[in-house]
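Asks: Chain by chain, the residues run as shown.
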Amino acid sequence: GAVVSQHPSWVICKSGTSVKIECRSLDFQATTMFWYRQFPKQSLMLMATSNEGSKATYEQGVEKDKFLINHASLTLSTLTVTSAHPEDSSFYICSARGGTGAYNEQFFGPGTRLTVL
Amino acid sequence: AQKVTQAQTEISVVEKEDVTLDCVYETRDTTYYLFWYKQPPSGELVFLIRRNSFDEQNEISGRYSWNFQKSTSSFNFTITASQVVDSAVYFCALSVKTSGTYKYIFGTGTRLKVLA
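First to last, the protein sequences are chains A and B.
According to the numbering used here, the first sequence is numbered sequentially starting from 55.
According to the numbering used here, the second sequence is numbered sequentially starting from 28.
Calculated from the structure, these hints are not laboratory results.
Idealized CB from N, CA, C, for every residue including glycine.
Don't take every hint at face value.
Some chain A residues judged to face chain B by a derived CB distance under 8 Å, without partners named [as the list claims (entries may be wrong)]:
1) Leu98
2) Leu100
3) Phe161
Listed below are the simulated EDC-like cross-link pairs for lysine to aspartate or glutamate, each with C-alpha atoms no more than 20 Å apart in a straight line [stated by the list, open to error]:
4) B:Lys30 / A:Glu113
5) A:Lys95 / B:Glu37
6) B:Lys97 / B:Glu83
7) B:Lys97 / B:Glu86
8) B:Lys65 / B:Asp113
9) B:Lys140 / B:Glu37
10) A:Lys74 / A:Asp119
11) A:Lys95 / B:Glu71
12) A:Lys120 / A:Glu141
13) B:Lys140 / B:Glu71
14) B:Lys97 / B:Glu53
15) B:Lys124 / A:Glu113
16) A:Lys74 / A:Glu141
17) A:Lys74 / A:Glu106
18) B:Lys124 / A:Glu106
19) B:Lys140 / B:Asp113
20) A:Lys95 / B:Asp49
21) A:Lys95 / B:Asp113
Let the sequences and hints guide you as you build the complete structure.
Replies: Quick look at the structure:
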């Protein structure tokens with residue numbers, strides 16, 4: 055199956071710093087990438103959707119200036135958490151999809167656990 | 028409303044028991060796709076199956092089987108002869124078009140614990 059990688063797998067940072075998370079589709083071209091946030095024992099919450107070469111579309115309630123998303127190529131998307139605070143600590147998961155149809159499944163990365171001290 | 032409900036929050040079974048995970052969905056679309064994913068303790072979601080709204084045939088893959096019934100808007104997942112390695116959180120998802128893009132609506136997940 056298709057492989058999606060995320061880097062780093064975990065990161066600890068001080069409050070006020072920015073953290074960048076990379077998401078790569080390794081063996082396919084991702085027309086669309088998604089960023090999710092998952093709190094312990096909860097479901098995935100979609101944060102934003104990004105298509106290569108265009109601005110990301112953010113879900114209601116997600117601060118676009120805090121969570122900067124860049125989808126510079128068909129295999130790479132990045133999420134930057136700017137001026138991170140303890141409440142931003144979470145498990146961030148990206149997914150990638152090779153097509154745009156309803157039938158196209160999303161392939162998920164292994165996730166990045168962010169801890170902000 | 029478009030929604031996915033997984034009413035079972037957590038299920039515990041003893042190894043070799045069969046277990047069924049329920050998924051009920053709501054959608055206004057006539058054509059839609061449903062998915063099941065497994066999230067083991069490592070955190071990475073693994074794709075299990077996709078089903079479109081026109082195909083009501085049940086599907087079997089090894090110890091896994093899925094029962095799709097449009098009449099009851101359900102897409103249930105059964106694991107036969109469960110094993111400890113099946114312990115994970117299982118998510119059901121509905122693909123819906125929002126702002127021009129197909130996105131998933133996830134259920135809240137069912138945590139399955141298989142005890143040795």
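Asks: Which of the stated hints cannot be reconciled with the structure, identified by number in ascending sequence?
Replies: none
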